[in-house]
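Number of protein chains: 2
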Amino acid sequence: MAGAVADPAGRAEFRLMAGVALADVLDAARRLEGVAHRTPVIRSRTLDALADAEVFLKAENLQRVGAFKFRGAYNAISRLPAAQLARGIVTYSSGNHAQAVALSARELGSHAVIVMPSDTPKSKMDAVRGYRAEIIEYDRYTGDRESIGRQLAEERGLALIPPYDHPHVIAGQGTAALELLTEADDLDALVVPVGGGGLIAGSAIAAKGVRPGIRVIGVEPEAGDDTRRSLAAGKRVRIAVPRTIADGQAAPIPGELTFAVNKRLVDEIVLVSDAELREALRFAVDRLKLVLEPSGACGVAALLCGRVRPAPPRIGVILSGGNVGAARLAELIAGR
Amino acid sequence: MAGAVADPAGRAEFRLMAGVALADVLDAARRLEGVAHRTPVIRSRTLDALADAEVFLKAENLQRVGAFKFRGAYNAISRLPAAQLARGIVTYSSGNHAQAVALSARELGSHAVIVMPSDTPKSKMDAVRGYRAEIIEYDRYTGDRESIGRQLAEERGLALIPPYDHPHVIAGQGTAALELLTEADDLDALVVPVGGGGLIAGSAIAAKGVRPGIRVIGVEPEAGDDTRRSLAAGKRVRIAVPRTIADGQAAPIPGELTFAVNKRLVDEIVLVSDAELREALRFAVDRLKLVLEPSGACGVAALLCGRVRPAPPRIGVILSGGNVGAARLAELIAGR
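Chains as they are written, first to last, in the working numbering: chain D, 1 to 336; chain E, 1001 to 1336.
All the pointers check out, no bait thrown in.
Here are the simulated distance ranges between beta carbons:
no.	chain 1	residue 1	chain 2	residue 2	range
1	D	ARG150	E	SER1123	50 to 56 Å
2	E	ASP1048	D	GLU146	32 to 38 Å
3	D	LEU108	E	PRO1310	29 to 35 Å
4	E	ILE1136	D	ALA232	56 to 62 Å
5	D	ALA82	E	ARG1264	56 to 62 Å
Chain E stretches covered by chain D per the calculated footprint, using a threshold of three residues with CB under 8 Å from any CB of chain D:
no.	region
6	1032-1044
7	1060-1067
8	1288-1297
9	1324-1331
These are computed hints drawn from the structure, not numbers from a lab. Beta carbons are placed, not taken as given, at the ideal position from N, Cα and C, and that holds for glycine.
In isolation and in its complexed conformation, chain D is listed as follows (with noise of 0.2 Å):
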C-alpha cells in the first residue's frame, strides 16, 4: 500500500504483512474530516461502577448510516480514480457495510451496486435504495456472493470493495480508535467487537501505533468464534454459518488481511452470549441511553460480564453500530 504521508511516528514496524500501517490510518483520518462524525467518548459513572475501571465508549452507533463501516467505506471509495468512479463500484453486503458504501459512492458522484441477499429486510434495501443505489439480488442458499461480485466487477468494469478484507476498509475503521485515543488519554486496554476482523484490525494498528503497550482485546460470540478459534490454531479456521443474534459478527472464517494483522496485533479474544447481549442491550437503553445492536453491544457485554480480567484502570470500548431499528430493539429488550 502507497504511503501516501510519512508516519510521523516512524514506526515502521506497523507496516504490517497485510500493508497497513499508522500513516495509513492517519491519512484516512484527514479524508474522513468534515465528512464524517467525530463521534462523541460517552461515560457512564454507572457502568465504571459495575466494570470496576474508567471506561471510555467510543459511539460509532451515532456515526453516518449508523455505525463504524461509513469510516472504511469512505476512505476506500474517495482513493479511487476519477474514471473508476465513474464505471462505478460494487460490493456484497445485507448489513451496514452496504448502507456505507451506497452513502459513500453517492456522497462521491460514484455509482455503487449492491449485491444483497433476496431475504434481505425490506427497510435495509430501502436504506440502500435511498441513497440511490442499484441492488442485485440473489438467494442466499445456493448463490455466491462473493463469485457474483467479483463477475459485476468484471462484466461492468466496476470496483469491488469488499466489507473487510481490503487494505484502505481496514485503515478507514482504525480511525474510531485514533479519535478515541486521542481524546481519552493513558488507556490500558481497547475493547473492540470481531467480526470478519476489519475493525479490530485497523483499531489495533491505530493503538499500537500511537500507544504500543495497550491491550486489544476482541470480542465475538459465543456461537461466531472463529477469530478465537483461529489464533489458537496459529491460521484461519472456518465455523459453521453462526447462529446469533449479533448478525454483525456472523462471519464463518476471519479475513486473509485481517488474520494477518489480528494475529500479531490482538491480544486477547473473549466471548459473550445472546443472552449477555440482550442484558447489555438493555443497560444500554435504561443506563447508557444509546440504542445498540447486539454486535454493537458486544464490548459492553464483555465488561458487565466481567469477561476482562484483571480489569485494568482505564478500557476504552467501540460502541460499533446501533441499527436494530425500534420494533427489533423492542423485541430484543423481551428476550424474544
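Position chain E against the provided structure of chain D, taking the given hints into account.
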C-alpha cells in the same frame, strides 16, 4: 442573587427581575466543571433534511442521572454553607429532579430527603435510595407536596431545593445551552422543552446573554400548555393537571421566578401532541440511535412536524432527558 463573578460581557440588562443573570450561569458552569458531563452535541443529516435546517442536538439524556436536572440541583446545593450541608436538604419530586438532588447531596457530603407520591414506580424510588437519600411518601390525591416539603424544612432545618422555582436551579439549567452555544456557532434559534420553566428560563438567559439575536422557542405538550396560555395572558394561568405521556412537562402552572424570566425572554411556545411525541421517540431510536423520554423528544417532534416555521438556518435543540426505561420505551414505540 449575589453575583459571585463579574459578567464579562457586561450585559447588565440580563440581570432580570428573577435575579438570575448570565454571570450566574457562567458561575454555575465553573461549579459543574468536572462534575457534570459536558454532553455531546449530536448531528443527523437525516434530521437536517427533514427539518430543512442544520440542527444541533444537545444530548442531556447522556447527562448524569439521565437528564439536565443534575446541573441545577448540583449548582444550588454546592452553594449552601457547610453547616447547612451538614443539616441536609429536602425536595419534592417523583421524577428526574429527585435523583438529581439525591446524587448531588451524596457528592457534596450532605443528606437528602425526597418527598415522593406513594404510588411512584418502585424503579424510581430504588434509584433515589441507591443514592442513599431518604424518602418520605405522601398520597398524591390528598397531600400537598410543597407544604410537606416546607414543613420538613422548618422542622428539621433542611434547605428546600424546589425543582425549578429557584434562582440557583435556573442558573444551573442554563449551562447546557451555554455549552451548546459554545460548540455550535451562530445558532439562529434554540428549541427547549417547557415544564415548570426552569430549563427554558436558564437557557434563555444563557443564550440571549451570549447571542442577543437568538430566538428562544419553547415546546409544550398539547395537554400541558400552561406556559403558552400564561404568556398569551401576560400572567400565570393554571390549567387542569395535564394528561400526557410527557410526564416531565405535566406542571399545571408556570413557576413564579421562571415565568418572570420567560415572559421577557421566550419568543414563542409551540405545541406537540402525544402521537407526535411517540413518532419522535421512534425516530430517535431508528435514526438518532438515542433513547429519549417523551419530554426529551419534544424538540425533535416540533421540528419533524414543522412547528418551527419558517425554519431558521441553524437550530439548537435541547434533548432534556432519557429516563424512560427499556420496558416503557418498548410500550411507547408500540403506541401504548
